[in-house]
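Protein chains: 2
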Amino acid sequence: MVDEPHPELSRLSRRTALRTGAGAVAAGAGMAALGTGPAAAAESGSSDFSGFSGFSADEWSPKPRGKTMMGVPFEPRATVRVGIIGLGNRGASMLPLFLAVPEVRVTAICDINADFVAKASAAITKAGQPAPATFTGSDHAFEKLCRRDDVDFVYVATPWEWHTTMSLAAMRGGKHVGSECPIATTVADLWELVNTSEQTRRHCIQLENCCYGQNELRVLRMAHEGLFGELLHGSGAYLHDLRELLFSDTYYQGQWRRGWHTKVNGDLYPTHGLGPVASYMDINRGDRLVRISSMSTPALGLADYRAKHVPAGDPKWRERYVDGDVTMSLLQTERGRVIHLVHGVSNPHPYSRLNHLAGTNGVFEDYPARIYLEPKHSGDRWGSFADFAGYDHWLWKDVGPGPGGHGGMDYLMVYRLAQTMRLGLAPDIDVYDSAAWNAPFALSAMSVQRGGTPIPFPDFTRGAWKTPHPGTDSPKPG
Amino acid sequence: MVDEPHPELSRLSRRTALRTGAGAVAAGAGMAALGTGPAAAAESGSSDFSGFSGFSADEWSPKPRGKTMMGVPFEPRATVRVGIIGLGNRGASMLPLFLAVPEVRVTAICDINADFVAKASAAITKAGQPAPATFTGSDHAFEKLCRRDDVDFVYVATPWEWHTTMSLAAMRGGKHVGSECPIATTVADLWELVNTSEQTRRHCIQLENCCYGQNELRVLRMAHEGLFGELLHGSGAYLHDLRELLFSDTYYQGQWRRGWHTKVNGDLYPTHGLGPVASYMDINRGDRLVRISSMSTPALGLADYRAKHVPAGDPKWRERYVDGDVTMSLLQTERGRVIHLVHGVSNPHPYSRLNHLAGTNGVFEDYPARIYLEPKHSGDRWGSFADFAGYDHWLWKDVGPGPGGHGGMDYLMVYRLAQTMRLGLAPDIDVYDSAAWNAPFALSAMSVQRGGTPIPFPDFTRGAWKTPHPGTDSPKPG
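Residue numbers (the numbering used here), protein chains in the order written: chain A, 1 to 478; chain B, 1 to 478.
If you're looking for bench data, these hints aren't it; they were derived computationally from the structure.
Please note: incorrect hints may appear among the correct ones.
Said to hold, decoys possible - Once the Cα atoms are required to be at most 25 angstroms apart in a straight line, the calculated DSS-like pairs of lysine-lysine come out as:
| no. | chain 1 | residue 1 | chain 2 | residue 2 |
| --- | --- | --- | --- | --- |
| 1 | A | Lys308 | B | Lys376 |
| 2 | B | Lys466 | B | Lys476 |
| 3 | B | Lys308 | B | Lys263 |
| 4 | B | Lys376 | B | Lys397 |
| 5 | A | Lys376 | B | Lys308 |
| 6 | A | Lys476 | A | Lys397 |
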């Protein structure tokens with residue numbers, strides 16, 4: 001049955017055969033070669049399923065404006081001078097972590113809210129550092145921060161709609177930049193970040209703190225030590241009941257975040273789930289993401305919450321929520337591995353990022369953490385993940401957790417970023433990782449709109465994904 | 001962004017636009033109407049994504065040969081006379097359960113293995129029933145059993161490749177029939193079962209024991225009582241490490257089951273996972289399955305097991321395994337709900353059918369069972385499923401578990417089948433349920449071969465799916 005197109009497909013109308021025929025035959029033959037579907041297609045040199053999904057991602061790809069930034073080291077420096085744009089919930093909670101990391105100075109800060117700027121400035125001087133340059137009063141005050149010559153790295157913690165604009169301004173101002181998730185919401189913006197990073201020789205980093213979680217880094221080390229055998233599939237998610245925060249009049253400046261649920265039907269927050277799984281599978285380091293198929297449930301949760309908690313006549317009643325309560329996606333890699341990605345923030349559900357990884361030797365699942373690996377485990381009984389503490393990443397053995405939120409992973413992310421900048425190493429996460437992990441925001445919306453049709457991933461590395469190189473599984477500097 | 005095709009899609013080549021254009025606009029507008037993707041498309045009267053997937057399931061649909069069997073009652077009878085075809089691992093373990101159910105007589109048995117037939121015949125007389133008619137000695141001995149006039153119901157427990165042939169022979173011989181999973185492996189065979197059931201007025205039943213599990217029936221009752229609110233998504237799976245059994249020289253007659261892994265790359269066993277979730281969502285009872293997108297991992301597990309356990313020179317070394325170790329599918333319903341379906345039997349993994357259900361009020365997950373439902377639960381802490389024992393199905397409160405395997409669900413399935421036949425009720429599971437639950441066997445293989453392109457489900461009910469009627473959530477007979 002795998003040696004030619006499925007016999008029941010071959011009965012389809014000629015119109016259909018014309019539409020997909022050549023691709024179907026090529027792919028069918030490709031799969032027959034090894035019988036592993038797209039994996040076989042990959043090994044036979046073809047993972048082009050555009051005959052099925054309807055188009056090729058090449059149609060999106062702009063001309064490069066510079067050489068690759070893959071593996072390019074930071075210039076070494078004794079002190080890392082940081083400028084922060086956005087001092088709200090996230091920025092204000094990250095400031096003490098930047099101040100806690102050795103040899104980091106926060107030299108410039110910006111927020112449209114002058115009170116936030118004043119509070120942050122006081123915290124900086126109270127920590128024994130010189131008073132920072134401050135910027136406020138306009139939506140574009142950040143541009144002045146990006147033009148200063150006493151800033152090496154700009155940290156962006158503003159509403160999503162500003163992440164790309166501010167990251168581009170930072171790089172064009174000669175600064176390396178790191179942004180909160182998501183760094184961009186369209187394929188065009190992801191390409192512009194890649195091209196601008198290559199053109200300006202500045203690094204552009206999706207600061208994905210979940211990649212620095214203790215469980216995530218332990219699983220990463222175990223996967224790279226071969227404990228899972230050949231990797232086959234994984235799962236990642238952002239399942240976080242945000243309804244109360246989304247409807248707060250004050251939590252999100254101008255209630256910006258709820259607005260996205262009136263604009264896009266897709267996975268609005270892919271990187272917490274995808275970043276760690278992509279790291280396990282060496283995405284852009286020997287494998288790459290090639291396609292995504294997404295389906296969204298009806299959008300009922302936010303309207304249901306509003307009906308229960310928002311008084312009649314409130315302007316929120318004029319909103320129409322279009323983002324499906326849960327968006328599920330299947331992603332496939334060039335080597336044929338499959339990733340299950342889930343987004344859901346609008347219904348009651350205990351917090352979970354799923355964080356699953358499976359290979360020919362066994363499987364890990366998180367929430368709660370449990371593991372089953374041959375030959376240690378047998379009889380369908382899950383084993384204890386604590387038994388594998390010896391595989392902890394050096395950041396957790398010798399540095400972490402450190403102060404701050406999210407179990408310490410925020411601090412370790414900032415510590416490692418500053419370390420790579422001081423020592424002149426390549427960053428753990430580069431612009432290509434950032435683009436690949438964020439692409440499902442836009443690609444899932446396209447796939448949902450087309451009834452789950454697989455949408456191809458652009459190759460933001462332009463072929464360099466085949467090159468093995470370290471990422472968050474970094475060696476400890478000697 | 002939802003009010004017209006995704007802006008980045010609109011930049012695609014004209015060739016592509018022509019290929020998908022009309023459908024894209026229609027669906028885009030359909031979704032804009034309610035902003036819930038396919039759900040909105042459904043409410044706007046269109047769930048035709050054939051412009052995306054490349055074809056319509058109508059191209060498969062044969063002409064009907066009779067009226068619907070939906071809701072058609074069995075003719076009442078005092079005693080249920082059962083003929084059994086297949087007395088191997090499964091058939092031999094089910095025989096004592098048929099013998100244990102009140103007013104059931106096993107009047108005829110058949111197997112190509114004469115020893116199996118003799119052992120079964122002895123068990124029947126030992127249970128105090130008359131010696132059954134016995135059939136053996138040829139692959140087609142079952143045809144004689146199907147022609148007898150002292151059999152009301154034929155139970156088929158043979159290798160997969162025989163299920164459809166034997167079910168058709170039973171119906172054409174005037175018997176109601178129930179088969180082990182899967183009842184068919186192609187869309188054409190599923191249609192032939194539907195048409196033959198309608199033509200002969202005999203019921204054709206996928207005997208899906210997992211639909212009678214205690215957890216499954218409790219969740220079903222809770223879902224229908226509205227505890228989950230509006231249903232949004234669910235998950236089902238067959239994650240069962242079968243490597244040792246698949247490579248046994250004796251367990252599967254002629255080692256037939258391993259053979260399927262050399263023929264098909266897709267979900268070979270969908271009904272254990274899909275049957276219960278389809279019941280929660282009233283599939284064919286107010287909603288229906290409309291499309292499936294599937295991706296398979298590489299096929300490595302069986303070859304890995306062979307390398308470790310099969311001596312060189314064994315004929316097994318001539319086999320090439322093509323079924324991906326894990327096939328993941330996303331299914332969408334007419335009302336826009338999403339089902340995550342997983343198949344994996346070739347790697348180390350603790351047994352799981354996932355068995356998840358989520359709605360606007362909360363979520364249930366199995367393996368292990370845990371629940372989170374507003375307003376009872378809060379603070380991201382899972383609650384105890386035992387607290388909901390009051391919702392147990394009457395089969396578990398008043399009848400079960402009874403004797404036999406799989407925690408009692410096998411017995412309850414047979415008990416309920418015999419009860420509906422004695423009392424002249426409609427069966428819990430009809431030929432339309434059976435066809436819908438089994439369709440992913442063939443449809444997933446097509447989707448995998450086309451790189452995850454969504455494949456439309458045929459509507460085996462020919463429009464009758466909109467009619468609410470009870471299934472496994474049956475009222476207790478008065």
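(request) Compare the structure with the hints numbered earlier in the document and write down the numbers of the violated ones, lowest to highest. (result) Of the numbered hints given earlier, the structure breaks none, since each of them holds.
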